[in-house]
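Visitor: Kindly generate the complete structure, drawing on both the sequences and the hints.
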Amino acid sequence: MNYGNCTPSQARKLIREGKINVPTSGICNGYAQANMAILPKDLAFDFLLFCQRNKKPCPVLDVTEVGSPIPRLTAPNADLRYDIPRYRIYRHGEMTEEVTDLAKYWTDDLVAFLLGCSFSFESPMLEDGLEVRHITDNHNVPMYRTNIECVPAGVFHGPMVVSMRPMKPADAIRAIQITTRMPFVHGAPIHLGDPAAIGIKNIDTPDFGERSEIHEGEIPVFWACGVTPQSIAMTVKPDLMITHAPGYMFITDIPNSKLAIM
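Residue numbers (our numbering): 1 to 262.
Derived from the structure by calculation, the hints contain no laboratory data.
Hints are supplied without guarantee of correctness; some may be wrong.
As the list claims (entries may be wrong) - When the alpha-carbon atoms are kept at most 20 angstroms apart in a straight line, the in silico SDA-like pairs for lysine to any residue are as follows: (1) Lys104 with Ile70; (2) Lys41 with Gly217; (3) Lys168 with Leu192; (4) Lys41 with Lys168; (5) Lys41 with Lys13; (6) Lys55 with Gly154; (7) Lys104 with Tyr82; (8) Lys201 with His215; (9) Lys258 with Leu126; (10) Lys41 with Arg88.
Guide: Rendered as structure tokens:
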């Protein structure tokens with residue numbers, strides 16, 4: 001079924017009912033999607049500072065009150081315990097569980113962060129006639145850990161994660177123009193071309209997501225990615241961090257147009 005024309009509230013209802021359990025790229029076209037990271041309150045300030053210092057991979061859209069699962073700025077009728085198709089539980093840096101709701105994991109000391117997602121700039125790219133390969137081929141976007149170190153803050157440090165979309169060079173230039181106007185959802189690419197230059201040893205084996213075919217005459221184009229907190233969890237090994245599963249985002253009530261600089 002095509003969920004592109006769903007409203008955000010309709011999509012979240014279907015997710016809560018277990019009827020949408022697929023990567024959310026292409027769902028609710030025109031509305032911003034968000035990455036999520038949840039931490040105990042004693043780590044929340046350090047993580048907020050980390051996001052402030054690393055706005056390309058971690059552009060903050062919303063932060064919940066301590067103990068509240070309600071994202072009041074981005075979707076005040078939503079509940080972050082149930083409205084994402086898949087969640088990952090990290091304990092001491094290891095992903096221990098992937099679940100479809102957080103009912104038994106949520107506690108009154110948790111703080112949730114919603115971070116801008118590159119799926120939000122795919123709609124204007126498609127509207128401009130650009131191909132987005134993982135949408136064409138109906139698979140999750142490929143994501144890679146890089147050798148680009150984030151700016152440390154408190155206990156948080158580690159490498160940036162990037163998402164990749166293959167493009168012809170002329171299309172890549174247009175994609176840069178489109179995404180530069182959207183800094184709240186990662187903005188312009190951070191790298192074009194040679195994957196080894198940013199520490200990616202094999203473009204055919206992403207660390208998260210699924211492989212995209214790169215056709216003759218195309219180059220890989222890399223954007224900073226909101227899966228970076230999952231890489232940070234593997235590096236820092238906090239007692240607990242809860243995230244979305246890569247590619248399975250939170251759908252907000254915010255139109256993408258509100259996040260663009262015109």
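Visitor: Against each hint, give a clear statement of whether it holds in the structure.
Guide: Now for the hints, and whether the structure bears them out:
no.: 1; hint: Lys104 with Ile70; result: holds, 17 angstroms
no.: 2; hint: Lys41 with Gly217; result: violated, 48 angstroms
no.: 3; hint: Lys168 with Leu192; result: holds, 11 angstroms
no.: 4; hint: Lys41 with Lys168; result: violated, 45 angstroms
no.: 5; hint: Lys41 with Lys13; result: violated, 28 angstroms
no.: 6; hint: Lys55 with Gly154; result: holds, 16 angstroms
no.: 7; hint: Lys104 with Tyr82; result: holds, 11 angstroms
no.: 8; hint: Lys201 with His215; result: holds, 19 angstroms
no.: 9; hint: Lys258 with Leu126; result: holds, 18 angstroms
no.: 10; hint: Lys41 with Arg88; result: holds, 19 angstroms
Violated hints for the displayed structure, listed by number in ascending order: 2, 4, 5.
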